[in-house]
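Asker: The lines below spell out each chain.
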Amino acid sequence: MALIEKIRRAFERYDLVPKLKKSLSSISILLTIVGIVWILVLPIKGQFRNTYISENALMPSQAYSFFRESEWNILRGYRSEVVKLESLPITARNDVLEIWLKSLGYKTSKHQYHELHSNKSSGDTGENFYAIMHAPRGDDTEAMVLAAPWVTSDGEFNTGGISLAVSMANYFSRLSIWSKNIIILIPEDNKYALRSWVEAYHNSLDKTAGSIESAIVMEYPSDGDHLEYIEVEYEGLNGQLPNLDFVNCAVFIGEHEGFKISLQNTPVSKLTSNTYFDRLAILLKGIKNLAISGVRKSNGCESFSGWNIQSITIRAKGVNGSHDITKYGRVVEALFRSVNNLLEKFHQSFFFYLMLQPRNFVSIGTYLPSVGIIAVGFAFMSLNSFFNNSFTYSQMIGGLEKMCITFLVVIISSIIFGISLLVSTNHINYNLLTQFLISSCVLMSLMPIINLQTIKITAKPTFLYLFQSASYLYITMLAASLSVVHFALAFSIAVLCLPLLFVKVQQTTMIKLQPFINSIALLLSCPWFSIVLLYYSLKDFDSMSSITRNLLTSWSELQSWTWFVIIFGWLPAWLCFVITGSILPLPQVEHAERKKLPVITSSSSIKKKEK
Amino acid sequence: MALVECSTYDEYLELKPLLRNNILSSFNFKLTSNGIISNRTDINHYDIFPSSLGPLLETTNTQELHLRFTQGFWDHEIWGRLPFDGFKSGGTGVEVWANMNGDTKDEVYQNWIILANSLSAFFCASLNFIDSSTTTFPRSCFSSNSTIDINNNNNNNTSYLLRSALPREPVCTENLTPFLKLLPTRGKAGISSLLDGHKVFDAEWNSMSIDIIKRMKEDQTLIYEMDIKINLVVNIPKKLSKNINQIPKPIPGEELRCDPTKKSDIYHCFPLDEPVNYEWDLETLFGKDINGGIYISERQSRVCMANVDENYWKISGIKKKNDDLTFLEPKVLTDSYGTCFELEDAAYNYDIKFETSDSTKLPPMEPIPITVSRSLTGYSQDSGGFRTIFQNPSSTETELIYFETMPWYMRVYLHTMELTIVNNINKTKNVYHIINSEFDEKNKVIKNVYYKPEKDRSKPSHLELTLMIPADSTVTITYQFDKSLLLYAEYPPDANHGFDIDPAVVTVLDESRKEVYQLRTTSLLLTLPTPDFSMPYNVIILTSTIMTLIFGALFNMLIKRVLSVEEYDEIVGQSSIISKLKTRIQLFKKKLTGKTD
Amino acid sequence: MPESYPEFLKRIKVFSIFFFYSILIGIPIWLNTTSIEKRELPVNKLQELEEAFKIDFDIPIILSFMGTDFDESLINETQVLIDEELGKFNNGGLISYHLQLKTADATLEEDLQTDEHHCELYLEKSEDEDRVFVSPFTKKMNLYVSEATRVNGNTSKFISNFLIHDLFKDEIDTLLKSEKNFEANKEEENFTRSGSASESGSGTEIDDLLTISYSPHYKLVFNLINEDGVKIGWDIEHSVEKYFKNLVAQLDRYADFSIDTNIQYYCDLNIDESGLTPSDNEAGFLLTNKELSTFINYNDWNLNNNGFNDYSQVINFIVYIPRGDRPLFIENSKSNSFIIPKWGSIQLLNLNKLKKDFLDEVDLLPILENFSSELFSLLGIPVKSASKNLSINIEFKMRSIIVSNLLNTFKNLSNLVKLTKNLKNISIPMETLVNFEKSLKYYETTIEFLNDSKFNKALKASSLALYNSDQAFFDKNMIQQVYFPDEHKLAVYTPLIGPILTTMALSLIKCLKDFRKIKQDIHDKKKK
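Chains as they are written, first to last, in UniProt numbering: chain A, 1 to 611; chain W, 1 to 597; chain H, 1 to 528.
Don't take every hint at face value.
To be verified - Heads up, simulated DSS-like pairs for lysine-lysine below, C-alpha to C-alpha not over 25 Å straight-line:
| no. | chain 1 | residue 1 | chain 2 | residue 2 |
| --- | --- | --- | --- | --- |
| 1 | W | 591 | W | 580 |
| 2 | H | 528 | W | 589 |
| 3 | W | 263 | A | 102 |
| 4 | H | 45 | H | 525 |
| 5 | A | 6 | W | 560 |
| 6 | W | 590 | H | 457 |
In case anyone wonders, no lab produced these hints; they're calculated from the structure.
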């Protein structure tokens, strides 16, 4: 208390308050820069940590795995049959699988589900096939899932994956080490079909095998015998990640088997090098992928997130490498054994982290501050737009009610807009929608100029300032609150909103350049503009419309709430800035004299004069 | 009084082949005690009946004692009905219920605790963890099957049925040895000499049961009847391969059995189904053969094989001493099914050989009256749901009693109970909510509900439903519960494993409301919000620091004087040394000048 | 400018409120919520009793004269002699010991309750020297006084000598010894968990190692144990009826006995066949002490049958039948039996001689004879002592047990008190307190019973006192685990308490300073 007292007095002594007030905007910009630099610093040596297995029970690849030799023949045998299935309809395929797995003693079952958004040929009902092996002598309370979708995330027929899954089922049934049940799951695709199965498992399925501890999605489209390296995907939905121990296990085992591990689809050329930029690339890609998980093309494992299931996708890459397919199988087997060893659920290691390399990571404590700092930057900006103008405190507050009302109106309208889109996802022409969104984005971004030239809408300057400061504050809150649950999204939105720092209330006295700055800033930080960015930055979308589609459907399909974040947070904030940036302030009649300084400071200043 | 020589002993082993090359072997031991005298002045004689149990039952005034040690998952699809219609096999882990006499509930409960502790010492099981928070007083599910009317037997005190289960208990070798020690042969001779811990618990499914019943004979003497059963399902191919080598090496290429119809060459091999022709004997199953017959019992101990098709099955009994082998001739006995071999000579070792050309040729599986599966729903840390599915394959409606007990940290909300009835033939589906009025008129599925809510830290919740499952249809019952927080000390050492929920018990009744079949669901794993156990110190320190900060701020604000800057500076000025000096000097000057004002 | 007085008062008020809440409410609550359960043991009462501790035995001896030529005066003389002989007891020691001589006619029937440990002397003349005849069954003793003694008037001396140096000798020694021991124990400052019932027993018998500690309930288990599985029966029913029932009846006052019998099969020995030395005289093998020490296969044979109430002792009698083809003999023991101290007795019975699968009374007779004698040595009741009379010996035993029980009770309780005094953060739960009080209560009742010489009741009460004292001492809740030891408590809570107290202390000082200043100012103002 006393300390604070001293500080306050010091401030008064040297008149810091006014100085600070003047430099608020520059401070905020500085802070944002710091925030970004923070992230860029992480990949520097010494800032990150090496991964380690903190759960002792896992004991990755301690046991010698026997999925080799003649198992390969069996695998090939199955594959030669699986290849034939490609032409058949889904139900027919499942029937075949059912026969195979029944003969192995599995409890097979099928799960019918209804397509929410019937965009595919197979009609609007789908069928997932799954088979349960109840662990002999086990207490039948826990299960591990081995999933191999018929279609990989790249839309190819998952020949290798399926046949591997079946042959491993065959192999597993002969082992007597299992303490947890094993579920072999063959969903139709690895997005909604898989998700709907997971949901049904926890709500409506008749045949269940206890709580699922872990899930591994296998993808190996080719029908070849070899592969170059394996890729591990781990992003879940809504910022959730599998326990770091699980990912580490996968990496450890993979490397133990002699594979190169690729994270964030690092190309094979980069796998050996471990420079600053490699790490940075993986880090940034990680953030991006996590932020848009559910929107981007699904990798399978995210379908399991939400039920406290640790899930990863292990994808075989390349068809003519030195490694053979059983090795890939052995990785999965070893992972299963590790999880099977567990006596408790995954709880030892981190649940929030960012990978830099298969063996390097940073934990939440290290990276969370960056977004915090950026948020503070916005907060300072809102102070700036509140104080640094020619109006007294009371004058500013005067426009409060009006401001609040307009603010609410903006938010609510944007929510209504968003929700109405959401409910009518099945009847939307996404191409039209996308075009509309982008064009509207451009149009509104041009508003400052247009308004200045032609329409000339005006409002009280106090209102505008207040409104702007409020909207900065809104972004702050958005970023801060979101960062706790979903760092990646919070960070990306914050960064994309940075241009808004340069949007200023137009003033007759100002330079003519301001409107253009405003428009550019608005354009850059528009939510819809980011769709364009996505489309051009990463190649894996066939069209922009598909992005919008995913944005809208990801809620109903995967319960990913990215869309809500946009329509509750980002869009309204942006609209607010459109308003503040474009509406012209009424020219003031007479300038109010400057606000009086507090009594104490005045007195102290007087004292100074005396000296 | 005259000694009542009525102690008897009888043992026999029944073998029953199951589909997919499994074999169910059930060991049966029946013991009866001599007449027992309750008052301690007279003499109690034990010979067959273990003298270690008798006094315990007497002191705790136990009329019936039932113990179940079960492990594994009973695969009814392939194995069919449970042995002895499920009345001799419990759920996963350990289960115990007893019928005890006493004047008051408390007295009985005290005895129950004594009983549990003594049993835990005896069976090396953690039965001593049984306390009021796991004990229930079942009403209709475990009907007492003793013949004596206890109220008459010893007057003016009533009998209570207490039940408790420990699903977490891992059943293992330590538990088998006590079982054998109860036998007069103590696993040294007769069929019990087959029982070796490692082999028994290597089985796919195993269940050990003890039922002790106090019974009044015609001549008005009280005796104990003890029935020990050990059932295990062994998978023969697995066993055979295990006997060859422990580690599951891949099959050598030349031994692969490939499907010729599919693509099959030196690279490809589409595996065939399991072979159906096998050859094994007791030694393959149990690692040793029977160590001679016994003389204690008046009946020979015997091994019986269920009736199978002679064309595909060949069963032969061998008796051997050193190296001379003689074949036993099978007998057909009135009281036990199939062909039996009697072990009449203690000096010989006995073994049974099995050969089958088609192991799938088995007598048709008698249908199971009902299948029940239970699972947890929802994923949040603070609440969840139960979902129990009853499937009635038969074309007659089935009545059953559903008994379920849940630990106190599950706050069950019965009003959320929902009932879904799906007819499997004409796929009609209707959902009922338990508390809406037309429920009762509309359908008669739930005939009776008995519910005893939980009490924190002292009582589990106890639910008994009497259900009438319509003909070939599926009934699903769901209800919601909240998870309550535990105290720091109440978490088990492996809290992150989750908390096991007792298996539910389902007793199927026939038209005359007689119990015809009993089965148990698998136990469930409930995850509760679990603290990080490295924390408490930090928590205490952190919270107290925060409290102090608040306190300090508040205190200072209230206690300090409020001054303006000038005042402050003034005071500081006065207090500072220099100013003091100044004043001194001024005073001094004044003195010198001698001015006064 | 200084602060005005009312302002200052306000501050003081605020401060005092804070003070009140934190010191007078906060700290007590904190202490209370973080303290461990400590019940108040009735230490004073224990001390009182300990000071007042005095057992006095008062044993009536009914003297009746056969023939006329003894007069009443003899009684008084003898009494005097006895009293001075027993003087060493009654000089303020713990135990006082009286032998009350009474005349037969003086003693009315109701005085002789069943449980009163009286004994009857019959004086007769004898023509030749002095003789004493003690009947083995009743408590009647005939003293034949010779002419010479009578003339020299040494009759009284003779009687007292008989009583003190013969009849009650053992007991007197025993009591004296135990008294000494207790004094010694009181000196040494050990509160180790010694002196509990387990080793108390008959504290100071010579064959202490052999005897099973006393308990009000004994359970005799007769085991017929076969090495192999040959069916066998025995007529234990009638044999026990014959040979043990009356024994048990006689011991009834001492403790109550329950009898179980048990047959077991396939109880093989854990001794290596090869190491056995063949017996010389007959076909078979000798068991040396080495084998005997590991004779019983505790974890294989079902012998763990104690009678589920904590204070009941099991005495095992085992008839072991070796395999027919391998008879066993115990080295230099003609009875072919041996005793296991504090546990029971074992009898080897080779059936190869008597080819039968049923043991009738004839076979069992010698065995049970043997067992009956060993029962006494296991119970520690002297049969070999000067007076062959069983019931008197039992009474000896009872009295000495009473003494040792009471002494051990005190030992336990005082040790418990010491323990709680020395270990600060040991908790004293309710159960301990309850047992403590119970045991004291029983102690008092014991004393009462002794005073109106109801020895049997006294015995029961004393053993209960001991039992409860043990319960109190061995209460497992006393060592309940606390999350951090008591001395760390302050350390853990320093972040809370430290700052608060310091701030308040400082401000208190500040206030006082200001107060002085204000007083100063007011004073100055007055001056002006």
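Asker: Confirm or reject each hint.
Answerer: These are the hints, each one checked on the structure:
no., hint, result
1, 591(W) / 580(W), "holds, 17 Å"
2, 528(H) / 589(W), "holds, 24 Å"
3, 263(W) / 102(A), "holds, 21 Å"
4, 45(H) / 525(H), "violated, 66 Å"
5, 6(A) / 560(W), "holds, 14 Å"
6, 590(W) / 457(H), "violated, 104 Å"
Violated hints, listed in ascending order, are 4, 6; each of the other numbered hints is respected by the structure.
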